[in-house]
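Participant: Note that this note's numbering has the sequence shown beginning at 1, numbered continuously upward.
The set of hints was computed from the structure by calculation and includes no laboratory data. No false leads were slipped in.
List time: in silico SDA-like cross-link candidates among lysine to any residue, alpha-carbon distance up to 20 Å:
id, residue 1, residue 2
1, Lys8, Thr18
2, Lys34, Ala24
3, Lys34, Ala46
4, Lys8, Ile19
5, Lys8, Val20
6, Lys34, Pro47
7, Lys34, Gly23
8, Lys4, Ala14
9, Lys34, Ala22
10, Lys34, Leu45
Simulated restraints, written as ranges between beta carbons of each label pair:
id, residue 1, residue 2, range
11, Gly12, Asp53, 56 to 64 Å
12, Arg76, Ala55, 20 to 28 Å
13, Thr79, Arg31, 41 to 49 Å
14, Arg54, Ala29, 30 to 38 Å
15, Gln64, Ala25, 52 to 60 Å
As the structure is a computational prediction, the values presented were derived from the model and not from experiment. All C-beta atoms, glycine included, are put in the ideal place defined by N, C-alpha and C.
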Amino acid sequence: MAGKRVSKRTIGLAALGTIVGAGAAAFAAFRMMKAPGEGHAAPDLAPDAERTDRAPQAFRPDPQSPVSSAEREALRPVTSPVPAPVDRESVPLS
Numbered sequence: 001m002a003g004k005r006v007s008k009r010t011i012g013l014a015a016l017g018t019i020v021g022a023g024a025a026a027f028a029a030f031r032m033m034k035a036p037g038e039g040h041a042a043p044d045l046a047p048d049a050e051r052t053d054r055a056p057q058a059f060r061p062d063p064q065s066p067v068s069s070a071e072r073e074a075l076r077p078v079t080s081p082v083p084a085p086v087d088r089e090s091v092p093l094s
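Construct the complete structure from the given sequences, taking the supplied hints into account.
Facilitator: Here it is in structure tokens:
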């Protein structure tokens, strides 16, 4: 490669591609950092909001409420056996 010359056109196209790529990356970063234009205010996240470790009363679960059988079944852990990656009986052990 020491004897090959790189043409000005190749250098120009590489520079143009780098500039376009950097511009696209900067545009994407700007779009991600931009504040959302819609939604609602979050007063609990405001700088002057009182800090608490508890959720607002409206969002706390009721510990006395009954759990339906469908919800209980959905939260039940899976107890099926884990399949072995190899059938141990067909593989000879040395």
